[in-house]
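Here are the chains, one letter per residue:
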Amino acid sequence: MLEPEQKVDSSEPDPDRPHWLVQIPKDWSGQCFKMFTQPGGDTLAKEGENASWGRICLLLMLFLLITLLTNQLSASPLSGLSFLRSALSHLVVVFCNFFIYMGLLYLLAWLLRGRGAFLAQCYLLLFPLILTNLFFA
Amino acid sequence: MSYIHAFLGFPFLLLVVLQYVVQPVLLCYLGTLSLRAIMAVHSLSWGKALIVFFLASLTFFLLSFLPGNIFQL
Chain A
149 MLEPEQKVDS SEPDPDRPHW LVQIPKDWSG QCFKMFTQPG GDTLAKEGEN
199 ASWGRICLLL MLFLLITLLT NQLSASPLSG LSFLRSALSH LVVVFCNFFI
249 YMGLLYLLAW LLRGRGAFLA QCYLLLFPLI LTNLFFA
Chain B
2 MSYIHAFLGF PFLLLVVLQY VVQPVLLCYL GTLSLRAIMA VHSLSWGKAL
52 IVFFLASLTF FLLSFLPGNI FQL
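These protein sequence lines map, in sequence, to chains A and B.
Start counting the first sequence at 149; every next residue gets the next number (my numbering).
Start counting the second sequence at 2; every next residue gets the next number (my numbering).
These are computed hints drawn from the structure, not numbers from a lab.
Cβ coordinates follow ideal geometry from the N, Cα and C atoms, glycine included.
Worth double-checking, as some hints may not be accurate.
Stated by the list, open to error - As a list, the in silico DSBU-like pairs of lysine-lysine whose alpha-carbon atoms are at most 30 Å apart:
id : chain 1 : residue 1 : chain 2 : residue 2
1  : A       : K194      : A       : K182
2  : A       : K174      : B       : K49
3  : A       : K182      : B       : K49
4  : A       : K174      : A       : K194
As the list claims (entries may be wrong) - Restraint ranges, calculated between C-beta atoms of paired labels, are given here:
id : chain 1 : residue 1 : chain 2 : residue 2 : range
5  : A       : P166      : B       : T33       : 31 to 39 Å
6  : A       : V170      : B       : P68       : 26 to 34 Å
7  : A       : S227      : B       : F11       : 33 to 41 Å
8  : B       : S58       : A       : S227      : 21 to 29 Å
9  : A       : Q186      : B       : S46       : 18 to 26 Å
10 : A       : W201      : B       : L14       : 43 to 51 Å
11 : A       : L239      : B       : P68       : 21 to 29 Å
12 : B       : G10       : A       : L260      : 44 to 52 Å
13 : A       : L239      : B       : C29       : 25 to 33 Å
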């Protein structure tokens, strides 16, 4: 005789699952490591499927943070209101520049009969861009 | 060369190696990775991905000369 189905309460948090603040950096570092050690077409195509606007925004914020930190560590660090103003102008410039450059890349790829997704392209190109910014700022 | 000279020269040598060997190699690797990403997303060949990358960078560079541009802080 079959047992009646047990109802699972989905609102209860899973005790084995780590907090999202731990899980997201852990996932990203793993994905980043895989992308850099095995940069094959399959790995990148698989990683492109995980792309989302939320992740892109978070990575752009990381990019912005690195830019601001490298500016602060430079010869003339800013303080107070001028730092806030600099941070806001960096925010606008980083977002505008990134999407203009990605738009250009997408347009040119489309002209050469490339039929990929804009979202995946932005997501995949952010990883090398952040590392380039980190090492060469 | 005395030991003290060798000791003082080591950080300089390390900096030179970092600047002229490690950084260019890393930059080449990251550039190649970007190309691979474009190839994987759009299913393009190496040549086409290189053309896309070059033309986009050139256009972006030329756009920065527009009057009243937002590309520079």
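Hints that the structure is at odds with (numbers, increasing) = Structure breaks hints 2, 6, 8.
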